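Chains as they are written, first to last, in the working numbering: chain A, 1 to 389; chain B, 390 to 465; chain C, 466 to 751.
These aren't lab readings, by the way, just hints derived from the structure by calculation. These figures come from a predicted structure and were not determined experimentally. Ideal Cβ positions, reconstructed from N, Cα and C, are used throughout, including at glycine. Check each hint, because a few of them may be wrong.
[To be verified] With a cut-off of at most 30 Å between alpha-carbon atoms, the simulated DSS-like pairs for lysine-lysine come out as follows:
{"hint": "1", "chain 1": "A", "residue 1": "Lys239", "chain 2": "C", "residue 2": "Lys542"}
{"hint": "2", "chain 1": "C", "residue 1": "Lys480", "chain 2": "A", "residue 2": "Lys9"}
{"hint": "3", "chain 1": "B", "residue 1": "Lys444", "chain 2": "C", "residue 2": "Lys688"}
{"hint": "4", "chain 1": "C", "residue 1": "Lys713", "chain 2": "B", "residue 2": "Lys444"}
{"hint": "5", "chain 1": "C", "residue 1": "Lys723", "chain 2": "C", "residue 2": "Lys711"}
{"hint": "6", "chain 1": "C", "residue 1": "Lys688", "chain 2": "C", "residue 2": "Lys666"}
{"hint": "7", "chain 1": "A", "residue 1": "Lys239", "chain 2": "A", "residue 2": "Lys262"}
{"hint": "8", "chain 1": "C", "residue 1": "Lys486", "chain 2": "C", "residue 2": "Lys522"}
{"hint": "9", "chain 1": "A", "residue 1": "Lys362", "chain 2": "A", "residue 2": "Lys128"}
{"hint": "10", "chain 1": "C", "residue 1": "Lys694", "chain 2": "C", "residue 2": "Lys480"}
{"hint": "11", "chain 1": "A", "residue 1": "Lys239", "chain 2": "C", "residue 2": "Lys486"}
{"hint": "12", "chain 1": "C", "residue 1": "Lys723", "chain 2": "C", "residue 2": "Lys666"}
{"hint": "13", "chain 1": "C", "residue 1": "Lys713", "chain 2": "A", "residue 2": "Lys239"}
{"hint": "14", "chain 1": "C", "residue 1": "Lys700", "chain 2": "C", "residue 2": "Lys711"}
{"hint": "15", "chain 1": "C", "residue 1": "Lys700", "chain 2": "C", "residue 2": "Lys713"}
{"hint": "16", "chain 1": "C", "residue 1": "Lys723", "chain 2": "C", "residue 2": "Lys542"}
{"hint": "17", "chain 1": "C", "residue 1": "Lys522", "chain 2": "C", "residue 2": "Lys480"}
{"hint": "18", "chain 1": "C", "residue 1": "Lys480", "chain 2": "B", "residue 2": "Lys444"}
[As the list claims (entries may be wrong)] Quick list of the computed label-pair ranges, beta carbon to beta carbon:
{"hint": "19", "chain 1": "A", "residue 1": "Ala250", "chain 2": "C", "residue 2": "Lys700", "range": "25 to 35 Å"}
{"hint": "20", "chain 1": "A", "residue 1": "Gln247", "chain 2": "C", "residue 2": "Ala714", "range": "51 to 61 Å"}
{"hint": "21", "chain 1": "A", "residue 1": "Gln64", "chain 2": "C", "residue 2": "Pro622", "range": "40 to 50 Å"}
{"hint": "22", "chain 1": "C", "residue 1": "Lys713", "chain 2": "A", "residue 2": "Trp139", "range": "30 to 40 Å"}
{"hint": "23", "chain 1": "C", "residue 1": "Asp523", "chain 2": "A", "residue 2": "Pro218", "range": "47 to 57 Å"}
{"hint": "24", "chain 1": "C", "residue 1": "Asp704", "chain 2": "A", "residue 2": "Trp139", "range": "46 to 56 Å"}
{"hint": "25", "chain 1": "C", "residue 1": "Asp523", "chain 2": "A", "residue 2": "Gln247", "range": "26 to 36 Å"}
[Said to hold, decoys possible] Take a look, some chain C residues computed to stay more than 12 Å from chain A by CB distance:
{"hint": "26", "residue": "Glu491"}
{"hint": "27", "residue": "Gly582"}
{"hint": "28", "residue": "Lys666"}
{"hint": "29", "residue": "Arg749"}
Residues per chain, in single letters:
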Amino acid sequence: MTQRQSRLKEFENRTLFLLGDEAAAYGALYAGCDFFAGYPITPASEIAEVMSRELPRVDGYYVQMEDELASLSAVIGAVWAGGKAMTATSGPGFSLMQENIGYAVMTETPCVIIDVQRSGPSTGQATKPAQGDVLQARWGTHGDHEIIALAPSSVQECFELTVASFNLAEQYRTPVILLMDGEIGHLRESVTFPTFDEVAREERRLAEPDTDLFGGEPIPPMSLFGEGRFIHVTGSTHKASGMRDVQTQAVHEELVTRLCQKIADARAEIASVEQDLVDGARIGVLTYGATARPARGAVLEARRMGCAVDFLRLITIWPFPEEAVKRLAERVETILVPEMNLGQIAREVERFTSLPILPLPKIGGVAHTVDEILEAILSSSSELGSAVG
Amino acid sequence: MHLQDTKVQRMIEINEELCKGCDICIDFCPLEVLAISASINRRGYYPPEVVNEEKCIGCRLCELVCPEFAITICNE
Amino acid sequence: MKDDVIIPGPEKRLKPHRLLKFLRQEILPTTFCPGCGCGTVLNGFAQAVDELGIDPKDMVFVTGIGCSSWIPSPYFKGDTLHTTHGRPIAFATGVKIMRPDLKVVVIAGDGDIAGIGGNHLIHAARRNIDMTVLMVNNWNYGMTGGQVSPTTPFGVPTTTTPYDNVEHPLEAAELVAAAGANYVSRWTTYHVFPLMESIQKALQVDGFSFIEILSQCPVSYGKMVDMRKASDFLKFYRDQSVRVHKAKAMSAEELEGKIVVGKLMERERTEFTASLRRINERFRKG
């Protein structure tokens with residue numbers, strides 16, 4: 001039994017009362033994370049605290065870097081040296097990481113970045129939750145790219161989606177962003193830990209000698225430093241061999257197109273939603289993250305009042321689960337999108353349907369209440385002319 | 390490693406295709422062994438040529454200072 | 466000036482330069498400008514590796530953005546991580562923690578290491594993490610055309626200080642010594658033999674080792690100060706440099722404009738990754 005297995009054995013089948021941040025950190029340990037670099041920031045610091053405590057116990061390494069630029073840099077370096085690595089931050093730090101997220105995309109470095117979203121822009125309401133980074137996660141770094149981002153709605157899911165993030169990172173050789181929010185990160189709930197063997201772990205696919213590390217197939221295998229291959233890893237446009245070629249149009253087009261397609265083409269596999277659909281629904285509620293909790297309450301309450309409402313929760317934010325959104329749009333007459341920002345995902349939903357989309361934004365560091373969402377459901381319902389019991 | 394024994398037969402090898410004609414080796418050779426040659430290389434630079442091979446003491450300054458690995462001292 | 470131009474025919478067979486084995490020869494000659502000091506640094510580095518008998522398989526090169534980052538990447542045949550601007554030391558930190566058995570070498574410029582990445586330099590030195598950082602200081606942002614950098618001397622014109630630089634240059638080597646590195650030296654591309662010996666020393670030091678290498682940029686920097694030949698710089702380095710032990714006896718006024726060369730720091734503070742491993746030992750079974 002490895003040191004990791006024996007340490008995690010102490011948790012298996014136990015139910016603990018944990019913060020979302022803490023659960024995410026344990027998810028990383030179950031996923032095989034052996035390197036964490038970070039910089040303190042509310043509301044993500046508890047992730048670093050758990051990692052600093054637990055990593056030495058599983059023969060992993062924690063380092064507190066001088067800033068978030070350095071944190072993601074160290075993470076990427078650790079991956080090429082053989083580690084499974086993660087960092088965690090919040091909005092301001094996530095902004096600082098954008099350049100290196102692009103580097104991880106371009107160099108196809110599997111790694112996990114947790115963004116426990118807080119109220120911005122800038123320092124905003126530093127200790128308050130928000131969901132204002134969902135489009136930054138998609139488009140924050142420069143140039144054409146695709147990204148994978150997941151959003152947990154419960155503390156249990158913070159654990160599970162952190163494991164999923166590590167697995168997707170290895171499977172698609174790409175950075176994965178876990179878009180938590182301050183509400184979930186600082187929420188305390190019961191988490192039941194699985195056994196070590198119950199958790200599926202995607203292992204890194206390593207290349208045979210003389211195979212290309214940056215092309216030749218949609219998701220090429222990796223190689224690591226110190227194996228005598230003399231690999232060349234660069235954020236500049238490169239050929240399949242890894243050698244830089246920043247002059248040839250076709251080389252850039254082939255590389256960047258492949259990097260985008262490897263994720264876009266796998267959208268159906270990656271995109272995950274939770275849906276609860278009912279017959280006769282004319283209204284759909286589409287939501288994600290912490291907002292899904294009051295939204296779910298409002299949907300159940302509306303149904304109890306006789307108003308049939310569909311519920312769709314995005315677990316995968318990027319690549320956007322467009323098929324699920326389209327299916328919802330075919331069933332209902334309007335879609336309500338509550339979110340803790342001024343309508344970032346509502347706008348994305350509009351791209352996939354001609355239905356009227358009703359954004360239900362809320363900012364200021366306070367989550368929606370069930371009543372607020374219920375009221376919006378009922379008022380759309382009466383606008384649609386349906387009788388409400 | 391610094392060759393001081395003048396009895397050793399030396400050969401100064403100049404790789405003209407790597408040379409970019411910066412002249413550092415010529416300007417800093419303590420014994421003026423090298424001079425700008427009259428021939429131009431494929432990239433349009435004038436490499437050095439050996440004009441006083443017998444004066445060379447094999448100090449290897451030219452070899453170590455050359456930015457292009459274009460000059461080396463070989464012992465026969 | 467040259468009338469009888471001779472295009473050489475098929476070459477006589479050359480004895481290969483013994484250091485070429487360390488290079489990705491298929492992409493030579495380098496893309497460095499004629500007379501650029503980057504090639505001299507590469508030469509001295511390869512010489513040091515050769516003399517120490519280090520197997521390149523046991524090394525990892527981490528570089529940033531700028532001309533001197535091209536010294537190992539792509540020219541030195543080794544594992545190479547060519548990173549974002551300013552961050553190579555931070556990337557190298559992750560590499561070294563995971564693979565302490567590998568020699569981690571960062572080669573980058575003054576803009577990268579002391580400018581945009583200055584904070585990483587300070588903190589890596591403070592941690593005293595085992596890596597060798599060669600800061601190739603050409604006094605300007607050469608790759609982008611010769612803009613002022615944090616090390617540009619006071620009073621010098623650059624493309625973005627057309628009325629002369631009114632900022633004082635950073636003394637990077639002294640900064641790193643103060644921050645806690647185990648080994649610090651400063652040399653120039655004129656001092657090729659002591660530079661090569663210093664690189665050997667830096668590669669052997671357990672802890673953070675740093676060499677500031679003054680290196681000529683006759684094209685981007687030289688055009689603004691009328692030093693268009695590499696040799697103009699090398700003569701300047703020769704004439705303006707003062708050895709550390711002599712500098713100690715000189716006043717601040719006497720040292721104005723001088724380049725202090727030699728070993729600035731050597732000590733034996735605890736190395737960072739070894740300390741991390743000692744923590745892990747506490748939890749090891751049996």
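Status of each hint after checking the structure:
| no. | hint | in the structure |
| --- | --- | --- |
| 1 | A/Lys239 to C/Lys542 | 17 Å, holds |
| 2 | C/Lys480 to A/Lys9 | 63 Å, violated |
| 3 | B/Lys444 to C/Lys688 | 35 Å, violated |
| 4 | C/Lys713 to B/Lys444 | 38 Å, violated |
| 5 | C/Lys723 to C/Lys711 | 12 Å, holds |
| 6 | C/Lys688 to C/Lys666 | 35 Å, violated |
| 7 | A/Lys239 to A/Lys262 | 17 Å, holds |
| 8 | C/Lys486 to C/Lys522 | 13 Å, holds |
| 9 | A/Lys362 to A/Lys128 | 13 Å, holds |
| 10 | C/Lys694 to C/Lys480 | 29 Å, holds |
| 11 | A/Lys239 to C/Lys486 | 23 Å, holds |
| 12 | C/Lys723 to C/Lys666 | 24 Å, holds |
| 13 | C/Lys713 to A/Lys239 | 52 Å, violated |
| 14 | C/Lys700 to C/Lys711 | 19 Å, holds |
| 15 | C/Lys700 to C/Lys713 | 23 Å, holds |
| 16 | C/Lys723 to C/Lys542 | 36 Å, violated |
| 17 | C/Lys522 to C/Lys480 | 25 Å, holds |
| 18 | C/Lys480 to B/Lys444 | 21 Å, holds |
| 19 | A/Ala250 to C/Lys700: 25 to 35 Å | 46 Å, violated |
| 20 | A/Gln247 to C/Ala714: 51 to 61 Å | 53 Å, holds |
| 21 | A/Gln64 to C/Pro622: 40 to 50 Å | 42 Å, holds |
| 22 | C/Lys713 to A/Trp139: 30 to 40 Å | 56 Å, violated |
| 23 | C/Asp523 to A/Pro218: 47 to 57 Å | 33 Å, violated |
| 24 | C/Asp704 to A/Trp139: 46 to 56 Å | 54 Å, holds |
| 25 | C/Asp523 to A/Gln247: 26 to 36 Å | 33 Å, holds |
| 26 | Glu491 | 9 Å, violated |
| 27 | Gly582 | 9 Å, violated |
| 28 | Lys666 | 23 Å, holds |
| 29 | Arg749 | 7 Å, violated |
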